[in-house]
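**Student:** Residue numbers (full-length UniProt numbering), protein chains in the order written: chain A, 1 to 289; chain B, 1 to 289; chain C, 1 to 289; chain D, 1 to 289.
Quick caveat, the hints were computed from the structure, so don't treat them as lab data.
Check each hint, because a few of them may be wrong.
Given that identical chains are not distinguished, each listed pair holds provided it fits within a single copy or across any two copies.
[As the list claims (entries may be wrong)] Derived DSS-like pairs (lysine-lysine); straight-line CA-CA distance at most 30 angstroms:
#1 Lys87 / Lys251
#2 Lys88 / Lys251
#3 Lys119 / Lys149
#4 Lys16 / Lys157
#5 Lys251 / Lys11
Number of protein chains: 4
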Amino acid sequence: MKSQVVSFLIKCPDQKGLVAKITSFFYDKGFNILSSQQYVNSIENKYFMRIRLNADGTNISKEALEKSFLELAAPLHIDWSVNYGDKKQNVAIMVSHTSHNLYDLLERSKEGRLDCNVKMIISNHDKLRYIAEMFNIPFYYLPVTKETKLEQEAQVKDLLDSNAIDLVIMARYMQILSADFINHYPEKIINIHHSFLPAFQGANPYRKAYERGVKLIGATAHYATVDLDEGPIIEQDVKPVTHESTPTTLKRIGADIEKLVLARAVKNHLNHQIIVSGNRAIVFPEAGE
Amino acid sequence: MKSQVVSFLIKCPDQKGLVAKITSFFYDKGFNILSSQQYVNSIENKYFMRIRLNADGTNISKEALEKSFLELAAPLHIDWSVNYGDKKQNVAIMVSHTSHNLYDLLERSKEGRLDCNVKMIISNHDKLRYIAEMFNIPFYYLPVTKETKLEQEAQVKDLLDSNAIDLVIMARYMQILSADFINHYPEKIINIHHSFLPAFQGANPYRKAYERGVKLIGATAHYATVDLDEGPIIEQDVKPVTHESTPTTLKRIGADIEKLVLARAVKNHLNHQIIVSGNRAIVFPEAGE
Amino acid sequence: MKSQVVSFLIKCPDQKGLVAKITSFFYDKGFNILSSQQYVNSIENKYFMRIRLNADGTNISKEALEKSFLELAAPLHIDWSVNYGDKKQNVAIMVSHTSHNLYDLLERSKEGRLDCNVKMIISNHDKLRYIAEMFNIPFYYLPVTKETKLEQEAQVKDLLDSNAIDLVIMARYMQILSADFINHYPEKIINIHHSFLPAFQGANPYRKAYERGVKLIGATAHYATVDLDEGPIIEQDVKPVTHESTPTTLKRIGADIEKLVLARAVKNHLNHQIIVSGNRAIVFPEAGE
Amino acid sequence: MKSQVVSFLIKCPDQKGLVAKITSFFYDKGFNILSSQQYVNSIENKYFMRIRLNADGTNISKEALEKSFLELAAPLHIDWSVNYGDKKQNVAIMVSHTSHNLYDLLERSKEGRLDCNVKMIISNHDKLRYIAEMFNIPFYYLPVTKETKLEQEAQVKDLLDSNAIDLVIMARYMQILSADFINHYPEKIINIHHSFLPAFQGANPYRKAYERGVKLIGATAHYATVDLDEGPIIEQDVKPVTHESTPTTLKRIGADIEKLVLARAVKNHLNHQIIVSGNRAIVFPEAGE
Numbered sequence: 001m002k003s004q005v006v007s008f009l010i011k012c013p014d015q016k017g018l019v020a021k022i023t024s025f026f027y028d029k030g031f032n033i034l035s036s037q038q039y040v041n042s043i044e045n046k047y048f049m050r051i052r053l054n055a056d057g058t059n060i061s062k063e064a065l066e067k068s069f070l071e072l073a074a075p076l077h078i079d080w081s082v083n084y085g086d087k088k089q090n091v092a093i094m095v096s097h098t099s100h101n102l103y104d105l106l107e108r109s110k111e112g113r114l115d116c117n118v119k120m121i122i123s124n125h126d127k128l129r130y131i132a133e134m135f136n137i138p139f140y141y142l143p144v145t146k147e148t149k150l151e152q153e154a155q156v157k158d159l160l161d162s163n164a165i166d167l168v169i170m171a172r173y174m175q176i177l178s179a180d181f182i183n184h185y186p187e188k189i190i191n192i193h194h195s196f197l198p199a200f201q202g203a204n205p206y207r208k209a210y211e212r213g214v215k216l217i218g219a220t221a222h223y224a225t226v227d228l229d230e231g232p233i234i235e236q237d238v239k240p241v242t243h244e245s246t247p248t249t250l251k252r253i254g255a256d257i258e259k260l261v262l263a264r265a266v267k268n269h270l271n272h273q274i275i276v277s278g279n280r281a282i283v284f285p286e287a288g289e
Numbered sequence: 001m002k003s004q005v006v007s008f009l010i011k012c013p014d015q016k017g018l019v020a021k022i023t024s025f026f027y028d029k030g031f032n033i034l035s036s037q038q039y040v041n042s043i044e045n046k047y048f049m050r051i052r053l054n055a056d057g058t059n060i061s062k063e064a065l066e067k068s069f070l071e072l073a074a075p076l077h078i079d080w081s082v083n084y085g086d087k088k089q090n091v092a093i094m095v096s097h098t099s100h101n102l103y104d105l106l107e108r109s110k111e112g113r114l115d116c117n118v119k120m121i122i123s124n125h126d127k128l129r130y131i132a133e134m135f136n137i138p139f140y141y142l143p144v145t146k147e148t149k150l151e152q153e154a155q156v157k158d159l160l161d162s163n164a165i166d167l168v169i170m171a172r173y174m175q176i177l178s179a180d181f182i183n184h185y186p187e188k189i190i191n192i193h194h195s196f197l198p199a200f201q202g203a204n205p206y207r208k209a210y211e212r213g214v215k216l217i218g219a220t221a222h223y224a225t226v227d228l229d230e231g232p233i234i235e236q237d238v239k240p241v242t243h244e245s246t247p248t249t250l251k252r253i254g255a256d257i258e259k260l261v262l263a264r265a266v267k268n269h270l271n272h273q274i275i276v277s278g279n280r281a282i283v284f285p286e287a288g289e
Numbered sequence: 001m002k003s004q005v006v007s008f009l010i011k012c013p014d015q016k017g018l019v020a021k022i023t024s025f026f027y028d029k030g031f032n033i034l035s036s037q038q039y040v041n042s043i044e045n046k047y048f049m050r051i052r053l054n055a056d057g058t059n060i061s062k063e064a065l066e067k068s069f070l071e072l073a074a075p076l077h078i079d080w081s082v083n084y085g086d087k088k089q090n091v092a093i094m095v096s097h098t099s100h101n102l103y104d105l106l107e108r109s110k111e112g113r114l115d116c117n118v119k120m121i122i123s124n125h126d127k128l129r130y131i132a133e134m135f136n137i138p139f140y141y142l143p144v145t146k147e148t149k150l151e152q153e154a155q156v157k158d159l160l161d162s163n164a165i166d167l168v169i170m171a172r173y174m175q176i177l178s179a180d181f182i183n184h185y186p187e188k189i190i191n192i193h194h195s196f197l198p199a200f201q202g203a204n205p206y207r208k209a210y211e212r213g214v215k216l217i218g219a220t221a222h223y224a225t226v227d228l229d230e231g232p233i234i235e236q237d238v239k240p241v242t243h244e245s246t247p248t249t250l251k252r253i254g255a256d257i258e259k260l261v262l263a264r265a266v267k268n269h270l271n272h273q274i275i276v277s278g279n280r281a282i283v284f285p286e287a288g289e
Numbered sequence: 001m002k003s004q005v006v007s008f009l010i011k012c013p014d015q016k017g018l019v020a021k022i023t024s025f026f027y028d029k030g031f032n033i034l035s036s037q038q039y040v041n042s043i044e045n046k047y048f049m050r051i052r053l054n055a056d057g058t059n060i061s062k063e064a065l066e067k068s069f070l071e072l073a074a075p076l077h078i079d080w081s082v083n084y085g086d087k088k089q090n091v092a093i094m095v096s097h098t099s100h101n102l103y104d105l106l107e108r109s110k111e112g113r114l115d116c117n118v119k120m121i122i123s124n125h126d127k128l129r130y131i132a133e134m135f136n137i138p139f140y141y142l143p144v145t146k147e148t149k150l151e152q153e154a155q156v157k158d159l160l161d162s163n164a165i166d167l168v169i170m171a172r173y174m175q176i177l178s179a180d181f182i183n184h185y186p187e188k189i190i191n192i193h194h195s196f197l198p199a200f201q202g203a204n205p206y207r208k209a210y211e212r213g214v215k216l217i218g219a220t221a222h223y224a225t226v227d228l229d230e231g232p233i234i235e236q237d238v239k240p241v242t243h244e245s246t247p248t249t250l251k252r253i254g255a256d257i258e259k260l261v262l263a264r265a266v267k268n269h270l271n272h273q274i275i276v277s278g279n280r281a282i283v284f285p286e287a288g289e
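The following block holds chain A by itself, in its conformation from the complex (with noise of 0.2 angstroms):
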């Protein structure tokens, strides 16, 4: 292992000892660490972890690291996964009509301000691609009815295994997935929500909140799971708005809160800084980083 920042992210029973054990074998092996982020649930008593090391200290192997760990970990019976941030992940954008979203990951990808490779767009729509060749990354164009969509989704797996996509972004992606599709890549796909969840769920949030006059619009980013809209939210934010929005006002308002609550969501994400409990998600800040 060269120089390099490794993360674990660490989920088991909470039990007496743990942060002293953890930390204790992770200064043996000669790391130093950067910065350890704990949560303890005393309703579930489970206990979380992420943890962040600088390996500059110590020669040992990734293998011999993993094989070592596992040791401590399975008599506490740790779920656990690590990252050695040596290379960056792939990704895939999915999308439909709407492209704020689109351009927002796409800009930030291409400066650096989201650490992966945007490998593809996939779209059941061709009027995006021109963005895609703005930014010059492949557009597939897998159009779906009723009675094509499991083959849509068939040439969509294909896309995303055979490129070895590590996160999928449904950044108004207006299809509802199989539950096949979605189990395949569990806790690999999120998903934005144009509106605060779970208040007004389902399509045309912003028509919905003008109906009902609220005086907040709001966003939601959560992971995608079988049950529409109600996956582990990542990330929410919401603005003040008035009687004066319509449904066209709340949308464009909702727009610039959707680009911001799904790129910290990826950023989140990308950065190993999320473990999902149950259909809670657990998303450590930053850590001076």
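Knowing the structure of chain A, use the given hints to seat chains B, C and D on it.
**Tutor:** This is chains B, C and D only, laid out in the frame that chain A set:
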């Protein structure tokens, strides 16, 4: 009419020349327009106006003004109300166990930050009587069971009506009022719901919010209507929370939001800034007041 | 005048009968008032109005309308401007190294979310030319040194004037413009300052914010005036931060705020929602537009 | 030590193995770690930790714990404090004319929402005595003039010291305390400044904010230091305002922000969530408490 601020709230079908006709009416009568705020709902083709007048330059009596305005209003199908700001509104506060909204409303009223007379506090528990005593407000303990519900509501109604109450504030009164009761006080009962409606309607919103893993917690003040949690929204606010929040900490964070949201809604009502249209509340901002 | 929206911005000493006189004027000419917004500054005794009209029911020419309005305006000491919404405004964007505002403005303009023609990008560095090329906008690289400052500003002025530029957006242009230049374009230059003015004026606000340990970071869009960072504020926003934030993370968090704050300020300007009075910007909200 | 929560606040130069050493120390003594929060300032190479322990499984005495921890701390140059949560902190509130913060703090304390004993209210005016009486808190009226300033401060000091006051809250106490006084209570005096520092330092911030035409109004709670308005910032918040706001309405909007900002800062202090480092306050969030 002595020197004072007169406010009109106006609602009617949108039509050409409305602003000119209404403002000319007041100009011709010798009023100075302090502010005129309007809202055109072009989806429903409705017009709304709040106009504040200084009566300094006019000798017209209230009766003459209203008779005269009625002549203007009738052919234009204007639904209107007028307020002369010459007597404080009478307010009743209904509570159960929770004290934070009660303290806040009593403090604001005592210190002149809410322009009203708090005439009484009504509760289905005796628990918060000491707060009423601190502020020297009559406290009525009217316990309620399923069996005595109608009877208790009749007692409440007697209290409200015999004291000429203009506004009932449900400051965390944890009983569902009957349709009959609510219909007796249209747009006269303001409720605080301890969540960001329409999310987490009904009981235990903080528990539900915890379980849903939301990243923002909120509160909503609305007029009470027969459909619980569905009345016109006056004011909403939220605060960011994290996965660290338990139902208990969400409740505590929420309490602070509830305080401000309810107080702002009450102030807007007392200050004649609100027109209700169907299920939407048009809430005009203060105009340099 | 064909069917179109006509907007007047009005500023004058406050006086009795203003609203009636102005709205009657437009009513008599056959206009329908879409919205009329006003603000009375009772400290300085000034009156401000934004009135939007539908010209459907009138045959009056622009010239006749303006001549006629002038007759009303002169005795009332009204300072006014009118816009017929019949031609897009020409915009120039000035940048240095930072790309996030530039992308955002170009995207909004290209997608019709900002109603203007971006005619050119001017920069004192050649670095962001590739973005101009992605969006097919002419890019002018005009380097500047202390010695060539006036000369370069003359070149900029030539470009702006020969292209009939209506609005200059300083989207993180890191040069101080001369008083002469700024006075040439009064209320025509919008600047984004990367802090919450008046906090952290001048350079390196994110470093200063870190050192001061602030718990919120913000951005300000304002009209450029001779006194640097002192021009009328159009729009501001903030985001919570923690002690974890380094100058680098503050800059990144700030960049997202800058994007939205500048875009909203530019939209408000292009949409004729702003009247400047001394050092204050009266920014009317959209009226159901 | 009976069953209780023990909190350590730790500050030292950053160095390898710190977390492991500290957490192992407590594990070896039989403590269960409820939460451990850390912050590494890599700019200044400093390490900060807040660790909360459950003493259930240990019989160690306070003296033995502290003696033992000292042995660990000395070679690591750890600056530390420990709190056993076994006695409520004594608080004094200083006020002048303004009542909103006072009510809010007294209400929270009385209702158990602030974990402290409010032992006294000290004021340079007699105006707010009735509030002290409502809440049954001793009120000391100590008027002050330029000439009697030092003498009055000596009286205040006597009161604070003879009552073993742990925290002084300046809840809109409109006197500038001497350097001598402030240095006597380092990190023991929390002040609320009625603006978003460092904007609008000094007196009349709402007037200044009006004149500057800001679009957000805020408040800042900070530790009092000799440099007025320059002490470590604990908490800040803002609210959007518009050009309609007068100095009076800004003051009213600001008062609500001040209430919450001061209350949150005091809670964070009483709950041992804050470590001061130079001019920056490290404020750890609650950890599921």
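**Student:** Among all the numbered hints in the text so far, which are the ones the structure does not match?
**Tutor:** Violated: hint 4 alone.
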